[in-house]
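Following the numbering used here, the numbering of the sequence shown begins with 696 at its first residue and continues without gaps.
By construction, these hints were calculated from the structure, which means they are not laboratory data.
Here a beta-carbon is modelled for each residue, glycine too, at the ideal position from N, C-alpha and C.
One or more of the hints may lead you astray.
[To be verified] DEER-style ranges, computed between Cβ atoms:
1. Gly1109 x Leu1192: 34 to 44 Å
2. Val698 x Tyr1136: 39 to 49 Å
3. Gly773 x Ile822: 40 to 50 Å
4. Ala715 x Asn1169: 20 to 30 Å
5. Val1181 x Gly821: 48 to 58 Å
6. Asn1169 x Ala1068: 53 to 63 Å
7. Pro1112 x Pro1283: 20 to 30 Å
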Amino acid sequence: MTVEIALVLGVALVAIFLFATEKLRIDAVALLVLSALAIFGLVSPGDALSGFSNQATITVAAMFILAAGLQNSGALSGIGRLLGQARSPLTFLLILFGVLAVIAPFVNNTAVVAVFMPLVMTAAAGIGMSASKALIPLSYVSQMAGVCTLVGTSTNLLVNAMARDLGHPGFSMFEFTPLGVICFVVGCLYLLTLGRYLLPDARATELAEQYELGKYITELRVLPDSSLIGVSVGEAKLGEDFGVFVLELLRGDKKVWSPRSQILEEGDVLIARGDWSKLDHLRKEAGLEINTEFQFQTQALEEGTEQVLTEVLIAPRSRVIGSTLALLDRRWQHTATVLAIHRRGQILREQLKDVRLNVGDVLLMLTPEAEMAALRSDANVIVLSERNAEKPAGWRAPFALATMVLVIAISAIGWAPIAITSLVGAVAMTLAGCLDEDAVYDAIDWRIIILLAGLLPLGVAMSQSGAAEFIVANTIGLVSGFGPLVVLAVVYLMALLLTEFMSNAAAAVLLTPIGMSTANVLGVDATPFLIAVTFAASTSFATPVGYQTNTMVYSAGGYRFTDFLKVGLPLNLIFWVLGVIFIPVFWPF
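Using the sequences provided together with the hints, build the complete structure.
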């Protein structure tokens, strides 16, 4: 092992640790990796900055804009009506999977899930189907469909770009389609049969039953005429009689010890958890008020203004991630009052003003009806309620669809590379008014762009320093005597495991050079190993943190971490087996 190899491996291991523990944002980790490689001289200055001009980075940014143009123009507005035609859960899922099969291969799957979530929740409720039976399938099928083409996920584009840089000819638009279609069909059959029964049913297992707690966290202030004054929390039997559970008691600026035994006084603030209907019932019956200190743009919240109770989900690319509600007041552009917060997998016990917002958090807000249109178009949040409102479809809707078709078709024919066609398409949609000029920048998930640009040099360093060959010789090389098929299975499994616990893009960057080096050691074509890395890194089912779409549906569907493991792990194993069987068939060694 040379010093260069040791430094590259050290940088890679630190990056894996930071990605897995989420101690820093993914884009910050990527920039740290880039800086370390440049400082240690492991890549040239040109190579260090090459990720920003790489075709994959440009294409991903343009595809975000194209997806936003489709959404904002109303081109996808008919999907809700189509889903609403279902009369049974099975029919609903069949229609959903069919629609995703058409759209998700050509639109970034994160954008697809953001658009479909409110539509799916509304349509599912219309047929009496629990959202928990539909949202994991939405996430999984969008991933399965996305891997069918070169542009369906950013991971596909990333592996293609890195492979080209390492001397591979790269992949065509529909090169992944044969295996992708097989995996899609088998995956859908699994979700329609065994998977349906493994998914939780929120109607049968309410959150209050799972955790002896409700859904939302809010703050209730004791009013002077409250019937709770002089009574302890335990004596009031709020859990038994109202289904509301007090987590903490605040008196002034102090947190009171043992809230259940504490005698309540006027002005006390209860940090309480429960379903919203039960919280509101307690408020009215016991003489309490919602401690609404988070009234953003309060000058517009005047008496007589029509207010709408709205649920909004913090989107993956939201600028408010990491902000507290107190900080959000400076950045929030809408008139709203935050009433409560819901977060899956964690019981919040802090005052709302101290809670830092995460991806997937759901805020319950009171919003003026006139503000709803602006709120629905805000890329920072996904509106889960008020989901029947649709954008009027004018001439821009067919224009956006035609532009998307031309972008894909021209690239597939080979007349121009996808980076150019997608960029031209994004400009065309913007000039046509499919989205505002300012909305163009909001449409792009800049964390993903920085992630790609910052990590691409790591792949270069691993290849140039010999670190990739070193890893292969000391890991995968140990099973090389069993033949390329066994090695392929090991590479796919490595990518599968890495993707579940860190960024899928990071896993692809680390394993693409390893796949190339593995092929060199075995003296076979590198394509099968690159396909394995692409499929494994683009389909993460076993955890809610392995892929952005899983994180998005985690809170909205009321899932537990183990729900993803129970439903997703068998699907991961199915894809692994299908990959090992069919990759050598379509791409021989």
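| task | If any of the earlier hints don't hold here, list their numbers in rising order. | result | 3
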